[in-house]
Amino acid sequence: MAPPSAIDVEAVTDTTGVTIPDPLSAPIKSNDIFGRRRKADKSQWVIAAPADTVNFRHRSYDHKPKAKRWDHIITHEAQTRKGNSLKKAAKYLGKPGLITLGGGIPSSEFFPFEELSIKVPRVGHFSEAETRESGVVITAGKHDLAEDKSIFDISTAFNYGQGAGSAQLLRYVTEHTELVHNPAYQDWRCTLSIGSTSALDMALRMLSRPGDMIISEEYTFSAAVETAIPLGVRMAGIPMDAQGLLPDAMDQILSTWDVQTKGARKPHLLYTVPTGQNPTGATQSHSRRRAIYAVCQKHDIYIIEDEPYYFLQMQPYTGPNAPDVPPPASHAEFLQSLVPSYLSMDVDGRVMRLDSFSKVLAPGSRIGWVTASQQLIEMYKKHADVSTQCPAGTSQLIVWKLLDEFWGHSGYLDWLIHIRLSYTQRRDAILAACERYLPREVVSWQPPMAGMFHWMKIDFRKHPQYPERSIEEIEESIFLSVIEHGALVMRGSWFYADAQDAHDTLFFRATYAAAPKEKIDEAIHRFSVAVREEFSVNGGAVRNGH
Amino acid sequence: MTDVLSREAATRQSSIFQALHRHLDANDVLSLGPGAPSPQYYPFDHINVQVPSIPSSDAAKAVWDETSFTINKYDMKGGKSGYDLSSALTYGQGTGAHQLVDFVTELTKFVHDPPYQHWKCIMTGGNTSALELAFRTFTERGTYALADEYTYATAFECANPLGVKMIGIKLDEEGPIPSDMDDILSSWDEQKMGSKKPHVLYTVPTGHNPTGSTQSTQRRQEIYNLASKHDIIILEDDPYYFLQLAGEVAKDASELIKPTAMADLLPSFLKLDVDGRVYRMDSCSKILAPGLRTGWITASAQITERIVRAHEISLQQPSGFSQAFLYKLFAEQWKMEGLFRWFNHLQIGYTTRRDALMRACEANLPKEVASWNVPKAGVFGWVRINWQLHPSAEMLGPKDIETEIWNATAKAGTLIVPGSWFQPDPTLTLSTMFFRINYASLQPELMPEATKRFGDALRESFQLK
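Protein sequence lines correspond, in order, to chains A and Y. First residue of the first sequence? That's 1 in UniProt numbering, and the numbers climb one at a time after it. First residue of the second sequence? That's 1 in UniProt numbering, and the numbers climb one at a time after it.
One should not assume that every hint holds.
Stated by the list, open to error - Derived SDA-like pairs (lysine to any residue); straight-line CA-CA distance at most 20 Å:
| id | chain 1 | residue 1 | chain 2 | residue 2 |
| --- | --- | --- | --- | --- |
| 1 | A | K82 | Y | K165 |
| 2 | A | K119 | Y | T90 |
| 3 | Y | K411 | A | G97 |
Stated by the list, open to error - Just a few of them, taken from the derived set where beta-carbon distance is under 7 Å, the chain A residues facing chain Y:
| id | residue |
| --- | --- |
| 4 | T75 |
| 5 | E77 |
| 6 | S198 |
| 7 | D201 |
| 8 | P340 |
| 9 | Q465 |
| 10 | I483 |
| 11 | L488 |
| 12 | W494 |
| 13 | A510 |
| 14 | A513 |
| 15 | K517 |
| 16 | A523 |
To be verified - Here are some chain A residues the structure puts well away from chain Y; computed CB gaps all over 12 Å:
| id | residue |
| --- | --- |
| 17 | I73 |
| 18 | G104 |
| 19 | E226 |
| 20 | T261 |
| 21 | A264 |
| 22 | P279 |
| 23 | G364 |
| 24 | E468 |
| 25 | Q500 |
These are computed hints drawn from the structure, not numbers from a lab. Owing to the predicted nature of the structure, the values given are computational and were not obtained by experimental measurement. We put the CB at the ideal spot given by N, CA and C, even for glycine.
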């Protein structure tokens, strides 16, 4: 591939100044990235080679502010953690002529894996059927690096690595992060994770102590609550509307925080899923995020931005009777259509962004990555070195071969557009079924614009047994009735940030991610039958057959 | 045993999704419940992996032939295989794939035959992960754990930030000395130490890192008896268990090496575990590849249940790609018998390497100041330096002499690892000095040169002829 020319010079007149575009601040195009890469010495790609992701960035950040320091919230555990001494010694291995009796790194002659090949879709032919018919087999050998066939091979990937992950995949995710988010501060770094569930656990150990409360959406990701509880951390729920967190409510709760009544010091951590939130499907708009960020600045809140559904942002919903919105015509248009992340507006370095391949490639890859200020990423890496270690080399090699060596950033964006359109179809299918079957007198909803969840509000006040029975009892009754009719949806109460809080809403969560469209339709139908029955007993709100 | 659980471990809850399983398993329920993406979006049609094929005869073969296996997306449909990509690459359970759990359970029963009833195996993300979870499950901030006076550095680098300090048991050529362990526990002063006596022992009984020692059967039984006496949980970190090597060093590289029969392997702590107090960590790292990031633990069902809860809110489970490869290799290609042949193959390979290093040490290290034992397992050699013979011994002391030797060896072009890096308590000045060397990484042809450089550095440092 020919490198792009460094300078475009336009002569106007010989008395007019000429502006030479600075390559470091010019916008990056997805198919430019390969040509912009710094030439790396082969030593960057060897077994357990340490990598500083600052070297993988293409733009200049000198004009951007440095991140704030977070010593006042970093835990004692994270402060005292030293690096893994044996991994540090890996840096000596670069010395020429050195032969080592040092680290116990096994020879790959004993790895019983000589070669692996994977059949993957070619760019633009991404469906499952097309993958089978016209997919390409990409291959990784044991010694491709030594033999100059590739910069990542089995003998490297399948050996020990640094906790941060392989330099090869780190370069890719750093470039991707820069392309998509263009972080607003100077000293941001990336590290790989073994998935966002683990990354959240690591973040809480770094930033919270037993007895703390952290703020989150009032309906939040149940696993996040379950992760926090054993660490002695409880969640305080912030009211939401259809766009997620409400900034004024958040400001009010923080401004009037009473340590005595709450039994915890004022929260300094926000856990949020801003795009296609689990469970509500809500997506915070750009202006909503700016407002929340301002409240966080006011109260010095550190933000954990958990974004597994960022690339499940869908085409705008036009309803069953209007034409579809045409898909993005270019990569630039696609990236423009995405809601800006907290990372992209993070002038303080107060955001830790958790990205994951689980929903865009496969949950079983067990790979994600974390973007935050250098101070926190260094601590994350040290912890990974003595706990999770890096993601499996099997996963890293396969994902890297596909995303970097085969598709490249350009092909990966095309894949992400494919995912966008696929999820759009699924969402449209479940909404069409809801419009067809659900009794509007008692069920209402907002069309989700991202993610995999549909959040249906039930007007429990119209239930024949309200108020004698509580909201939770009514919810359980509906849930079991739905099962009896042969469908399964999730109870909203399972997602309370704080189960002790008073709640006056009743929701059910349904996913449109997994089942085939006919089954989604049938499941919504069964759900609707169950709801009608529940509400029509003893002259209730809904007449049969409506 | 619930009183040994940390506050964190005792509070781990079942995820809400656990409750769903009985509904999901019902036949005609259409699920719009758990949000896992459809496998139709996994961009992998199949994976083909080239692996060694098991030789047809028992005769040791240096180089194995190749064969390969293929994992398709939907092999489970229509019973083509017990596992496939659609299953391996979706969200799973905190136990790891049950297909793999079944295999390692069978392996554990065959090799260790735990002498108590309710033991279980679950998959892990490797021994580092399993060890961290063990500390989080069994210890609290401000307490102590038992280890060795020289112990695997990652173990205390993991424990210390969690507020757990390690107390080192004195070592002899086999491993921890039972009388010293008994002393430490029997004379424990709660007031002075600010904590109850340790109830956790971290041990690497086979091919110890860093000392290369292997505890004999009798030693293991003595240590176990003490663990019983003082109600200690044994964290058995045993990645080199299957790398038990031939006894004698071969005189030259052409000698035929006999591998260790499965029946002749030393008993693990798990095998002696009548009380159910052993948390055994097995790893794929040294017997297959570190990059699999997969292992398994064996412990009482009560303990493994807590670890499964921990997995659900952290690691989840090992990489689906790794699990798929392991399933095909273990359950379909090699099976148990083939895996044992593979262990034999590794034993021959590592014995060859060990012997090359031992011969090189014999030839090149000055015996006036350096001594070592032949490791019976694993990958490490542990060279004792008689530092008191250093011309400036009184003036410098062991720490400075150690640094001088390390620098001189590095300058000569060889890396060795200072023994002091493995002291769980670096404030203690031990009277011994060691360097760790290994025979896993370096090609045997370079071992004479490497040991010569080390030897020359020693000769220079000690001003020997």
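Evaluated hints:
no.	hint	verdict
1	K82/A with K165/Y	holds, 14 Å
2	K119/A with T90/Y	holds, 18 Å
3	K411/Y with G97/A	holds, 11 Å
4	T75	violated, 9 Å
5	E77	holds, 5 Å
6	S198	holds, 5 Å
7	D201	holds, 4 Å
8	P340	violated, 24 Å
9	Q465	violated, 23 Å
10	I483	holds, 6 Å
11	L488	holds, 4 Å
12	W494	holds, 5 Å
13	A510	holds, 4 Å
14	A513	holds, 5 Å
15	K517	violated, 11 Å
16	A523	holds, 4 Å
17	I73	holds, 16 Å
18	G104	violated, 5 Å
19	E226	violated, 5 Å
20	T261	holds, 23 Å
21	A264	holds, 16 Å
22	P279	violated, 9 Å
23	G364	violated, 2 Å
24	E468	holds, 26 Å
25	Q500	holds, 15 Å
Checked against the numbered hints given earlier, this structure breaks hints 4, 8, 9, 15, 18, 19, 22 and 23; the rest are met.
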